[in-house]
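Build the complex: two chains, separate frames, hints provided.
First to last, the sequence lines map onto chains A and B.
The first sequence begins at 0 in numbering that gives the first Met the number 0 and counts up by one.
The second sequence begins at 0 in numbering that gives the first Met the number 0 and counts up by one.
Keep in mind that the hints are not guaranteed to be accurate.
[Claimed, not checked] When the alpha-carbon atoms are kept at most 30 Å apart in a straight line, the in silico DSSO-like pairs for lysine-lysine are as follows:
{"#": "1", "chain 1": "A", "residue 1": "Lys281", "chain 2": "B", "residue 2": "Lys157"}
{"#": "2", "chain 1": "B", "residue 1": "Lys35", "chain 2": "B", "residue 2": "Lys185"}
{"#": "3", "chain 1": "A", "residue 1": "Lys46", "chain 2": "A", "residue 2": "Lys445"}
{"#": "4", "chain 1": "B", "residue 1": "Lys157", "chain 2": "B", "residue 2": "Lys35"}
{"#": "5", "chain 1": "A", "residue 1": "Lys77", "chain 2": "A", "residue 2": "Lys425"}
{"#": "6", "chain 1": "A", "residue 1": "Lys438", "chain 2": "B", "residue 2": "Lys185"}
{"#": "7", "chain 1": "A", "residue 1": "Lys438", "chain 2": "A", "residue 2": "Lys425"}
{"#": "8", "chain 1": "A", "residue 1": "Lys175", "chain 2": "B", "residue 2": "Lys129"}
{"#": "9", "chain 1": "B", "residue 1": "Lys128", "chain 2": "B", "residue 2": "Lys55"}
{"#": "10", "chain 1": "B", "residue 1": "Lys129", "chain 2": "A", "residue 2": "Lys445"}
{"#": "11", "chain 1": "A", "residue 1": "Lys207", "chain 2": "A", "residue 2": "Lys425"}
{"#": "12", "chain 1": "A", "residue 1": "Lys425", "chain 2": "B", "residue 2": "Lys157"}
{"#": "13", "chain 1": "A", "residue 1": "Lys445", "chain 2": "B", "residue 2": "Lys35"}
{"#": "14", "chain 1": "B", "residue 1": "Lys35", "chain 2": "B", "residue 2": "Lys55"}
{"#": "15", "chain 1": "A", "residue 1": "Lys77", "chain 2": "A", "residue 2": "Lys46"}
{"#": "16", "chain 1": "B", "residue 1": "Lys35", "chain 2": "A", "residue 2": "Lys77"}
{"#": "17", "chain 1": "B", "residue 1": "Lys55", "chain 2": "B", "residue 2": "Lys185"}
{"#": "18", "chain 1": "B", "residue 1": "Lys129", "chain 2": "A", "residue 2": "Lys425"}
{"#": "19", "chain 1": "A", "residue 1": "Lys46", "chain 2": "A", "residue 2": "Lys123"}
{"#": "20", "chain 1": "B", "residue 1": "Lys185", "chain 2": "A", "residue 2": "Lys425"}
{"#": "21", "chain 1": "A", "residue 1": "Lys279", "chain 2": "B", "residue 2": "Lys157"}
{"#": "22", "chain 1": "A", "residue 1": "Lys115", "chain 2": "A", "residue 2": "Lys207"}
{"#": "23", "chain 1": "A", "residue 1": "Lys207", "chain 2": "A", "residue 2": "Lys46"}
{"#": "24", "chain 1": "A", "residue 1": "Lys251", "chain 2": "A", "residue 2": "Lys332"}
{"#": "25", "chain 1": "B", "residue 1": "Lys129", "chain 2": "A", "residue 2": "Lys438"}
Hint data in this document are derived by calculation from the structure and do not stem from the laboratory.
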Amino acid sequence: MVRRRDFLKALGVAGSAAGCGPIRQESRRAEDISSGQIVPGTMTCRKDTSGEDNVSLLGFGCMRIPLRDVSDLREGEKFDQESFNAMVDFALSCGVNYFDTSPRYCEGKSEEIVGKALSRHDRKSYYIATKMSNMAPETFSREESLAMYHRSMEYLQTDYFDYYLVHNVGSHENFKQRFLDNGILDFLVAERQAGRIRHLGWSFHGEKEFFDWMLDCGTHWDFTQIQLNYIDWQHASGYNVNAEYLYGELDKRGIQAIVMEPLRGGALARGNHQIRALFKAKSPERSVASWAFRFAASLPNVLTVLSGMTFMEHVRDNIITFSPLDPLDEEEKATVQRAVEAFLALSTEGTPCTGCKYCMPCPYGLDIPEIFLHYNRCLTEQTLPLSPEDDGYRRARRAFLIGYDRAVPRLRQADHCTGCRDCVSKCPQWIDIPGEMLKIDEYVEKLRAEGGF
Amino acid sequence: MSTDPTRRNASTNRRRFLTLAALGLCSPSTIAEENKPAEIAADGGLAPLRERLFPKRTIPILPPGGINRYTFGRRCTACALCVSACPNHVLFPQNGPKEPFQPEMRFEHGYCRPECVRCSEVCPSGAIKKMTTADKASTQIGYAVYVRDACIVVTEGKSCGNCARHCPSSAIELIPLSAEEPDGLKVPTIDTDRCIGCGRCEYLCPARPVSAIYVEGVFTQRTV
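Next comes chain B alone, as it looks inside the complex (with noise of 0.2 Å):
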């Protein structure tokens, strides 16, 4: 509703962020400054759900089965029949003036599943490749990447470790916050060895507007 103030809040929180990041001033402090708690009325309903930043990426995510920008970039005929397979809702036509409506990956519905190759079943022109679940599960698509300043573990003083406890290649690993206090809050750590981009980490990630936890395109993908 729009009466509502914590979302009125939200979205002017947004605007001045938007700003910020535009004039080059998103430094690690104004991160916490944003990711702030929001104030939530404690009246038994539901507390607003936040808008979420979504990362921008160096290295867009191609669909598993892509390999590289190059290759995939000539094989891709910008068809989208993965777009509108795919069921997890992660792959979106791409408005960059380079690939126009060529896929990418984004995280904001959902996560890409290891045990789903659907793309790679109805992709027409080989640019994705066609792969089995196991393939699939071993391909590197991207890595997590974790934002310190974003984590509730470190804005809230809140034990968390949603990413740690979803991550399906176990590449998540929850370490103390504090060298001190071993059995304290603890915040997670990523193997990116093992991670194979799935996003399932940034799509749980609780942290708004900025998510703690983000992937990060690979320049070519690779079995791990």
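Just chain A, with the same shape it has in the complex (with noise of 0.2 Å):
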């Protein structure tokens, strides 16, 4: 007699050699998914507006490439090829065929990585996507975006983009400043009339009025990237726009959304110990961040959710979650709302920073995504000591301490903040780095001074 689970890995293989089908809305049972068999061919793709490409809905997105073991460091070489390339082909193996890079990522490196592991397989087997980045003002003359543009060719060894993106705009004045001015958006669209640039788009970090302002400019955008994640659909800190607003004004004019930050910078894989139950309670066999993940693939009109994996384990772990795609049912999206007022009750002082890194290099050295990360990641597990009469609150007090000083080097800490503000036009959370960078300072220095540790 045919197992169940053997039929379903044959009708897997079957679907792999006719190709990616639509959304299969079977559920799959609890036991395939906490074996890890990943059944290959069975990932979840979507088709372009143009009908052209089939896209797998996981996108693996290349901003947090493995970093080498500092013993392992050999000459300038600080991010792990070697890893990185077992992961991509890993991930190709498994139909994952969009890769999403940046001239900025990885200290600038991540598209001569991206380039150098993906050459390795026909061209014809995956989409690049890359930008042309919005950091640094001296890359905004026409003459070094045509150099970036350029570069990121080389730098892919490819000579046409599957998917380009107008990088992080937000503003009239800075998207004017960066692509208008210089002519560099009418190169972009003429490059696409060439067919160098498949399909050509941009990613919002911003203001609500010029979102709007921006799907209606004139330009013809085949797909936009946003931040979209079960926090920020109805949720979003500080300036950000509320994903549901923005997924719903792509929705009406028929323009595909790429989804970023997912996981909100790793926040939503975590939980903390309470969320983590509520997920667990419900179906145990599935990780925390396929939550998040389901979330937004669950929505009709995203061609792919990007996730920025940095270990073997997360390209499974997801690989696992989209292979193929559960939508959340009813009581699950419940499920869900139910981890989202979690979120909202504890993490009203937390940053919602997402590391992203454009605020680095901190000229006064500063590490801030780590300091932020540190920080809020004991607010999210409730481990901030809070009142010396509180139990434990010695040993929280002391694990926070150390903690602090092994995840960040003393002379890189928030005490160190000068205030110079270089830094709060880069961040595309809007966060007020240098006001936070004193609460948290403020919060340390009253910990300290409660006696040595």
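And the structure:
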């Protein structure tokens, strides 16, 4: 007698021969997920609006490429090409075919590393997305921008881009200065006509009015990249715009959305003990991160959901989530809603830092993302020592301070912030970084003042 | 990493500066020259930490409760218990010819916390007299000195005020850099009578390689 799992496997293989199909509605059995069995060819894919591309619903984000161990540092090789190659090979073999990079990621090394990894495969077997970056003002001139464009081709070892983005725009002044005044947008549109850019889009972090204006500005956008996750859906922080609105506007106009930050910089992969319990009670075999991916991917107008994967374990877990995707049912949506409430209840003081490092380098040597990461992690885990009267205060205080010193060297900690505000305009989350640094510094100082460790 | 060009610059700068200092050529203009901001690649990585030149103090700073170099010099047995017990890593054995291995204070790794009296608790010979945290917080062991030509407000035209923000005895006040622009950039001014010489400003000053604020020891410690 054929076992159910074997039967499904056979089905999967047959499916792979026929290419990726539309979203499969049938749910997988729990044991298939928990066994970590990946059935080749079952990755859920979506057609782009032109109907030419069959894009995997899981996109490989290349902003968080693994680092070499310090003991293994060879001259100039900070990033771990070997591990990255292995992850890319594995992802491709499981049907992931969308790779998102930019000239800015990983200290400017991302494109080169991605190019090396991907060039070992048939160019037709994957889609490349890269961007015209918008961080350093010295790259805003026409010459520098064109050089950036051609360098991307060289590094990625290709003569065309499948997806090309105008990177990180959010306000009129910046957009005008960066892409209109120097004629770069016209250049990109011409490149699309010439076929060297197959899809032209943009990534958004900024003002609502600007978002609306961009969609109706006359340039035809093939897609738009937005920050979307179950927190930002209705509770975007600071100046961010609720993803529900962004997605709705795109949907109305028939522009496909590419989702970035589905885990909100990893915060939704960890959750906290309460949130983990909530999700695990519902389905013990699924990872906490998978809920966030399923939330984003269940929306039909999403072309792909990007995940910046640093470790092979992330790749594996995500592929399991998407092979094939089980869209959230009504009951599961209610569970996510409860998680949202749990998050909101505890993270009122948390900083919505996603670790993108656009603020870096700080001229005074601070490690801004690591400082936020340590503080936020303790905050969401509710291990922040608050009052000396609390049970376990001494232990929590010690753990926090030692953890802080281990995460961030003393000379890079929050107390060294000079408040120069160079970073503020670079943050796509519009965080008042110096203000937050001061708050964390005051908190840490209060703890330290209570005696040695 | 040794291949990092900014690091290389920092260390050659340092060597040049030391040579200049040795030749007695260290004028305010050379300080401003040396303190030019390092060029950092805008690549999202960490900025290199530039080396800091530690100030040559006319009077070394003694641990609080050490009173003055005569009393301290007679009583201290150079056992270094205070050096190893200091939780803030500010005490170091000095290697001068007069009082070998007796402790002196430096602010490379932290500052002398007003609420900490660990050294006075461990001192077996009474060289660091026993004191309460209240005594300690009001004992002046040195006073801050501002080096305008090294300050990033002056050299880089950026707002800072990190010293004033962190001063535990509110001895640093910010005043306008230029009298014509009362709302413009601000630079610190030090109320020497309130300053206890804890070194927090020196530790946190961002100016490199010459710190724009440093602590000079007092001849005899006193209560402020």
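Status of the hints after comparison with the structure:
no.	hint	result
1	A:Lys281 / B:Lys157	53 Å, violated
2	B:Lys35 / B:Lys185	19 Å, holds
3	A:Lys46 / A:Lys445	55 Å, violated
4	B:Lys157 / B:Lys35	13 Å, holds
5	A:Lys77 / A:Lys425	24 Å, holds
6	A:Lys438 / B:Lys185	22 Å, holds
7	A:Lys438 / A:Lys425	20 Å, holds
8	A:Lys175 / B:Lys129	67 Å, violated
9	B:Lys128 / B:Lys55	26 Å, holds
10	B:Lys129 / A:Lys445	25 Å, holds
11	A:Lys207 / A:Lys425	18 Å, holds
12	A:Lys425 / B:Lys157	17 Å, holds
13	A:Lys445 / B:Lys35	34 Å, violated
14	B:Lys35 / B:Lys55	21 Å, holds
15	A:Lys77 / A:Lys46	37 Å, violated
16	B:Lys35 / A:Lys77	28 Å, holds
17	B:Lys55 / B:Lys185	27 Å, holds
18	B:Lys129 / A:Lys425	51 Å, violated
19	A:Lys46 / A:Lys123	16 Å, holds
20	B:Lys185 / A:Lys425	24 Å, holds
21	A:Lys279 / B:Lys157	50 Å, violated
22	A:Lys115 / A:Lys207	38 Å, violated
23	A:Lys207 / A:Lys46	28 Å, holds
24	A:Lys251 / A:Lys332	23 Å, holds
25	B:Lys129 / A:Lys438	34 Å, violated
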